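Participant: The whole structure should be built from the sequences, with the hints applied where relevant.
4 protein chains.
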Amino acid sequence: MEPTTRDAACFEAGIKFGALYHQFAGTPVSPESADSLERAIEESIENQPSCESVEVDILTDKLEDEIEHGYTELTGRYMEVEIVIDHEGTEVVTKMEMEDGYPLMKIESVRKE
Amino acid sequence: MEPTTRDAACFEAGIKFGALYHQFAGTPVSPESADSLERAIEESIENQPSCESVEVDILTDKLEDEIEHGYTELTGRYMEVEIVIDHEGTEVVTKMEMEDGYPLMKIESVRKE
Amino acid sequence: MEPTTRDAACFEAGIKFGALYHQFAGTPVSPESADSLERAIEESIENQPSCESVEVDILTDKLEDEIEHGYTELTGRYMEVEIVIDHEGTEVVTKMEMEDGYPLMKIESVRKE
Amino acid sequence: MEPTTRDAACFEAGIKFGALYHQFAGTPVSPESADSLERAIEESIENQPSCESVEVDILTDKLEDEIEHGYTELTGRYMEVEIVIDHEGTEVVTKMEMEDGYPLMKIESVRKE
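Chains as they are written, first to last, in our numbering: chain A, 345 to 457; chain B, 345 to 457; chain C, 345 to 457; chain D, 345 to 457.
Think of the hints as simulated: they come from the structure by calculation, not from any bench. Given the structure is predicted, the values throughout are model-derived calculations rather than measurements. Be aware that one or more of the hints could be misleading.
Treat identical chains as interchangeable: a pair holds within one or across any two.
As the list claims (entries may be wrong) - Calculated cross-link-like contacts (lysine to any residue; reagent style SDA-like; alpha-carbon spacing at most 20 Å):
(1) K450 / A352
(2) K406 / R383
(3) K456 / D444
(4) K450 / E346
(5) K439 / T348
(6) K439 / S394
(7) K450 / M345
(8) K450 / T349
(9) K439 / P393
(10) K450 / D430
(11) K450 / E408
(12) K439 / Q392
(13) K439 / E412
(14) K406 / T348
Facilitator: Following this line, the structure appears as structure tokens:
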């Protein structure tokens, strides 16, 4: 079956999540450098086609509780992300949060404008 | 609107593509090391949930023509990829190829099994 | 022969450069998002041990001249970097600049304090 | 002070380690896909200048003990690496192993040939 605009919108949303995660996982991060990293992740992914907005929250409280050498490597454990895609008039809202020890990416809603 | 299984299948397909590209772009690659890199990319992404198969073709002829210091950094310019997702019985076939100087990722087909 | 403090300082400098380059190469970047990316690269690498300072200059003029889809993937072609290491009292100053179409990383000076 | 050949050799060794780690950390890995990933990491980094040999050992026993969803993301926790540099006749042997919960990279020996 031919892909629809809605399929393509969901596909684009997935691309942004995979890109965000695998580009930035492993980045050295501390409570002090979390702000600039949040900003850079948001603005870099927003460059990509059909990407309406990216909101990254690095969990500095959790970082402070858990890290031992002043910094650690960024993983899904330490961030929550919301990405909104607008692909040819179809809006897809997606989130990443930890669930069961695993950074779960999922679609919140799909809406034709 | 609630996301459907089909939406989720397309989203999963996108995640794999974004992951593949941003994990491995930048890897030093030469015509000689292309084989092992193809294999590693395929097997690593196939670990991810709902990922049926990954086929990576690194364009060694193009590498041979273009590189000057014996190797270069892998980009979309030098590879073609096909990923097949099976998410709860919905199959999504996706491809990445160069189009207009840009590595275009797209859905080929979506099929309910 | 046993490694000296000076050896270790030069080794640490190299680690920071390899880390910086391979963590951030491939990041989507545009003239508009260059500032936040510069900051994030600097602050993330400065987290690493013995890293005194990192200065990243993304070449926005070159980006503006060359990119065609509003953004591109960051490579050595579009940035200049200076990293200063202080490892147990030995200071190493290192730079990355393009030379002959290739991002060359080199030591500028080594100094015992 | 001007950098010596020995300084440059240690610097080159560090670059390879930083590159290896930040290029491949985050790659999805399972006991089954560990072999192909070891090979790809070795051959890709061996492309880089002055890199004599790279040996990567992904700790599949540890993977089997610790992972819960069939795979995980590669980190220093799951690999040991030895890199040998030969830079203009100076050989540097370097290793990465876990020490105190942290992937420690260090020089084993420096030798003028």
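Participant: If a hint holds in the structure, say so; if it does not, say that too.
Facilitator: Comparing the hints with the structure gives:
In this homomeric assembly, K450 and A352 come within 20 Å of each other (Cα to Cα) both inside a single copy, at 16 Å, and across copies, at 8 Å. Proximity of K406 and R383 under a CA criterion of 20 Å is satisfied intra-copy only: 19 Å inside one chain copy versus 23 Å between copies. Taking the shortest alpha-carbon separations for K456 and D444, neither the intra-copy value of 32 Å nor the inter-copy value of 29 Å comes in at or below 20 Å. Taking CA atoms no more than 20 Å apart as the test, K450 paired with E346 passes between copies only; the shortest distance there is 11 Å, against 23 Å inside one copy.
In this assembly of identical chains, K439 and T348 lie within 20 Å of each other by CA distance solely across copies; the values are 16 Å between and 22 Å within a copy. Taking the shortest Cα distances, K439 and S394 sit within 20 Å of each other both inside one copy (16 Å) and across copies (18 Å). Taking identical chains as interchangeable, the C-alpha atoms of K450 and M345 lie at most 20 Å apart only when they sit on different chains, with a minimum of 14 Å there against 24 Å within one chain. Taking the shortest alpha-carbon separations for K450 and T349, both the intra-copy value of 19 Å and the inter-copy value of 11 Å come in at or below 20 Å.
In the homo-oligomer, the alpha carbons of K439 and P393 lie at most 20 Å apart both inside one protomer (18 Å) and across protomers (17 Å), since each shortest distance falls under that limit. For a Cα distance limit of 20 Å, the shortest separation of K450 from D430 qualifies both inside one copy, at 16 Å, and across copies, at 16 Å. In this homomeric assembly, K450 and E408 never come within 20 Å of each other (Cα to Cα): the closest approach is 27 Å inside a single copy and 27 Å across copies. In this assembly of identical chains, the alpha carbons of K439 and Q392 lie at most 20 Å apart whether taken from the same copy (17 Å) or from different copies (18 Å).
Within a single copy, K439 and E412 get their C-alpha atoms no closer than 29 Å, and across copies no closer than 22 Å, so neither meets the 20 Å cut-off. For the identical chains of this complex, K406 and T348 are neighbours neither inside a copy (41 Å) nor across copies (33 Å), given an alpha-carbon limit of 20 Å.
Checked against the numbered hints above, the structure violates hints 3, 11, 13, 14; every other hint is satisfied.
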